[in-house]
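Given chain W, put chains U and Z in place with the hints provided.
Chains as they are written, first to last, in the numbering used here: chain W, 7 to 394; chain U, -19 to 413; chain Z, 52 to 452.
The set of hints was computed from the structure by calculation and includes no laboratory data.
Since the model is a prediction, treat every value here as computed from it, not as a measurement.
The beta-carbon is built from N, C-alpha and C at its ideal position, and this holds for glycine as well.
One or more of the hints may lead you astray.
[As the list claims (entries may be wrong)] Partner residues are not named here, just some residues of chain W that face chain Z (Cβ under 8 Å, in silico):
{"no.": "1", "residue": "Lys12"}
{"no.": "2", "residue": "Leu17"}
{"no.": "3", "residue": "Ser20"}
[What the hints assert, rightly or not] Under the rule of at most 20 Å between Cα atoms (straight-line distance), these lysine to any residue pairs were calculated in the SDA-like manner:
{"no.": "4", "chain 1": "W", "residue 1": "Lys12", "chain 2": "Z", "residue 2": "Gln98"}
{"no.": "5", "chain 1": "Z", "residue 1": "Lys138", "chain 2": "W", "residue 2": "Asn9"}
{"no.": "6", "chain 1": "U", "residue 1": "Lys363", "chain 2": "U", "residue 2": "Glu341"}
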Amino acid sequence: MKNILKTKGVLIVSILLLLIIFIFGGMFSRYMTEQISVHQEERYRDSLLELVENGKTLETFEPTEVDVTYTILSEDREYQPEIIEAYYVRDDNENLVAVIYVLSTFGCEDGLVSAYAISTENNELINIKVISHNETVSVAGQFYNLLDESFFNQFENKNLDVIDLSIDSKAGATYSSRAFEQGVKFARELYAADFEFEIPSLQLTINDVYYNYDFSTMVDYPLIADVTFGRDNNVASIYIDSDFTYQGLASGVEPPQEVKDNIKVYVEDSKIINHVVEDMSYNETNHEIVVKVFGYSSQGITVTVTLNDSETAITNIVLTETHESYDADYNARYTGNDVPAVEEQYIDEYLNNDVIIDTVAAATVTSDAMEAVIEWIDGLDATLNGGG
Amino acid sequence: MIFHNAKGIQIDGRKDMCKKHPLIDYLNPDTVYIPLIQRHLKLKPKVDVGDSVKIGQVVAEVGGFGAITSHASISGEVKSFKKVWHSSGKMVEAIEIKNDFKNQLDDRIKEVKNVKELTREELVEIMKDSGLTGLGGAGFPSYIKYQTKEDIHTVIINAVECEPYLTCDYQFIIRFAEKLIKGATYMQRAADANKIVIAYKNYNSKVVEVLKPYLEKYSNIELFPIKDIYPAGWEKYIVEQVTGKTYSTLPAEIGVIVNNSATAIIFSDAVERNIPLISRPVSITGEGVKEPKTFFVPLGTKVSELIDQCGGYVEGLDPMQANYIAGGPMTGRAILIDDLVVNDTLGAVIVKPFEIRDYPECLGCGKCADVCPVYLTPTEIKKAYERKDLRLLDLLDASKCMECGLCSYICPSHVEITDAVSKGKALLKKGAK
Amino acid sequence: MARFAGGKAPFLRIANEKGENTKRIMRDFLIGLMPVILFSWYKNGIQVYLDGNINVYEMLYPLFFIITGGLLAYVMEGLFFYITSDKKERDFKGVLRKLNTSFAIIPGVILALLLPLYTPIWILMFAAFIATIVGKMLFGGFGNNVFNPALLGYAIVGFTFSGIVTDINVIFNGSEIIIDSYAGATPLGVLSSFRGSGDALSYSALVEPYGNLWDFFLGTIPGALGETSALAILIGFLWLTYRKVIKWFTPVIYIGTVFVISWLIGIIAGDSGVWFPTYSILTGGVMFAAVYMATEPVTTPTNPLGKIFFALFLGVLTVLFRFVGSLPEGVGTSLIVMNIFAIPIDTYSGIIRTKLTKKPGIAYASILIGVLLILVVYTLVASGSMYTANLSFINAWQVIL
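Same shape as in the complex, but just chain W (with noise of 0.2 Å):
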């Protein structure tokens, strides 16, 4: 025994070490990974708990299945946000003072999950936490690093019993200020099917939006909406401006005030014109009309649309000034010629075949734009003849 304890005993005592140190160190080591997750955990449930100033616990709940569908900006498809939790906050007294909900939308790409806490007292929207997002972040400061103090301060306590729940979006984070939009409402929709709360809605149905094309009014009320209100189903045309923003009644029943308030959101909800084609000026002595279109470029696409002296015909559509890129966003994939190709293109094809043109590969927002346009004038010419 003395023996093998002189000539084997490192072995045997190294050995023994290691051994030790494999599944005792092993053991506490996996004790700390493990410790990671209920860390993990832990932190998640306090940041919840932050949301609302009295909450003490948290209780998960299975709301009530809604179905809202909302559409995704980026891709142009209908979706329903994913719902991950929900959970009850109580106070030191058991009551429950509020909701949250963590909900799961897409942005610019799927997975934009934000907490929304809804105080069941006064049934306001107490704030929202961003989980986690797969939205596309620079280090510069651009896309969803935009949405800064001023963006998240809109959610602080924001009443949800009215109609209009629109968020304010950030110019160059658009997607995503969208998608915590439709979060808030979709939040709304859960929390009405959850408690009793009614949504608040107007009887209020749009029924065609056109252009306006009477020379005399066409400049201050470029847009008409007819639509059906009322319980006694009243009809009206309603002059709007280029925002959708109630202007004045041209004909029919006097809508209420509330119409008034909310026509914007419906006549965008309604999507029958989604490039607005704004008249900027008419001259009687020339016969100009000056048209402007958003395309790419914040600066816009202006047109000037010429008639004939008698006013019954177009003579001559030319384009005045443009501040378009077309391959700026798209990788170069254009490969057609310079700026103003695309737009000339579009009104020369109009003015002597008559027809409007496809889209242009890889110039997609500045042809929707001169599409508008074209439409526009194409419009105003059957008007002419019409009326003519």
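Coordinates of chains U and Z only, in the frame set by chain W:
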């Protein structure tokens, strides 16, 4: 400069050990052994077994470049030719002379009357006749330095003794201060120089004390303190400190001759009384001896006799388990036996117990490169030597090494780095030929 | 290795003096690591524990992890000595005697400090095996290893288990679970996202998420166990310099080189503020490597001039790998590369030292300085093109070169 700050380092001197006792005369050993070797030259004996010799009588000589004579250091009878241990670390042939305790002087030893009239050539001749060599450790015949064609303006007396443990020069100076001054002036005349500089270690204030009185008499003598660092006694270092100039091989190039202080003292006797080099001071010191002492002994005395004079070994030290270091602890040689004779280059024997220890490998700390006084990189030279890479040895200037031993001294891993470098130096010399 | 003390001149050796030998140097080196060890324990254990966020076992873990690293290396070397020894020496006395001059603990401790805290123990064991057995003993033991053992262990583990190490890298230590505002990114990870983005380097993106540069100095930012605190490393540096274990100029030149070149890159990338080079030297392992690895005697040049060249090259390579290479951390890679080149640098600088004004000295000096300059220029040009797509004069400059 970051990489050129090395100008020697301070080493614990341990000189107090030997300073307790003043220089002790031990002039009548029982037997002396006159080695028949001078540096690498073999001497031819001029006596036979059975001859009786007198003190100062020429017993051996060699001609040619570096011609030198050896003299009997005691009077007595030539007993035999015998191999003895020599400070070079080898056994060499020696003339064994048994002391008859009559102290008969050779005829040549007599008062010289016309000291003041001796010419330069005559002084150099005396230097040659007396077999005077550098007592500092190199053992180079002194007269050769004085035969230089260069114009010498300064004679530097090296009284620095920078090696630890060693006190023989110091005690020799204290005892024969006047002789030192005189010897120095003779040397100045022999070199036809106009200035004498005595370089000493700045903490040895006693040297100043004993030399001060003579300075008034000799206006051309100057005392020059040198910092207490190793290797401050290195010729090149002293010359650079004193004159501010450097040279490549010999100090004569810049008009300087350097001599050891003990050499100067012996030289004054040689000039005034025609006594050749027959005795020198030797320190017997180290942790291994009971009472370290410095002796003034005839050349050829056995070290074992001197150790007995020191009260023998310390308790519990077996003489066979001791290491006898001939010369200073930095540059000396290890002799494994106390059966060693005093020769002209042996300034000290340090007795230390043996040890075998575990040392780590070279860790590459670079301390050896830091301390090297000639800015070599010892680790690289060692590697080049191990690969026998002559080209690299040459590029690394292995030949510049002066074997001061600092790199090995400083090495925290006890690597025999000096040894490797000096072997590299030897290899380079051999390869270059 | 047993050697005869007193066989050869000189007979007076510092190695025989008490407290002046290699053992003392290595002990002092370990003491020099103490501030870093203590800080990493404080940051990852004690402080978080005092805040009430973790329990006592979790508090002790960082210390356990570091000690285990040292112990593993020690035991593995013991085993190696046992296997390679003669039958006669295979007892405790023989093995311990060899361990005594092998200084096994240090690479193990450094290895533990380099790894993320949540590294599984079996990965630490594997890394310690690579470090001590492959990196050190197979090269011939202490004093003969080409690579820094700890670094080799770290690098091999980093490559072989990159999945696991990357996963746990997201959470570098206990305190960062609690503070989630970083979203788990280390500063260098953020820096690498600038590569080729065309955006100017900005203080707000690089430094502000972690507080300010003072936090970088104190070390309250994410990072491996030992790397984050410049303050603790500085204390270690002062101690090591005071005890003459390391040369003060190696870390200073290394950090200085990284600082200056980073500054130039900052200027090229459109921000000439001093914050950028300061940020550059305070992030990642620059400080730790400068004090504890670039000065490691065995794997770096021995003579002072060689150390200076080594530090200069290391600094340039660190910046090159960090800003141009695809790895966020450039320190480890540059050290491993320079460990190899330490050997020729040592020889060349030895020649330059003794033949400074003669022909071979000038020739070798020009080789070293030439290579250095080429590296500097390449680093500047390459990183210039990576971090500034918007500055046209840089592109013009590149065409000229």
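Unmet hints by their number, sorted upward, for this structure: Result: hint 4 breaks, nothing else.
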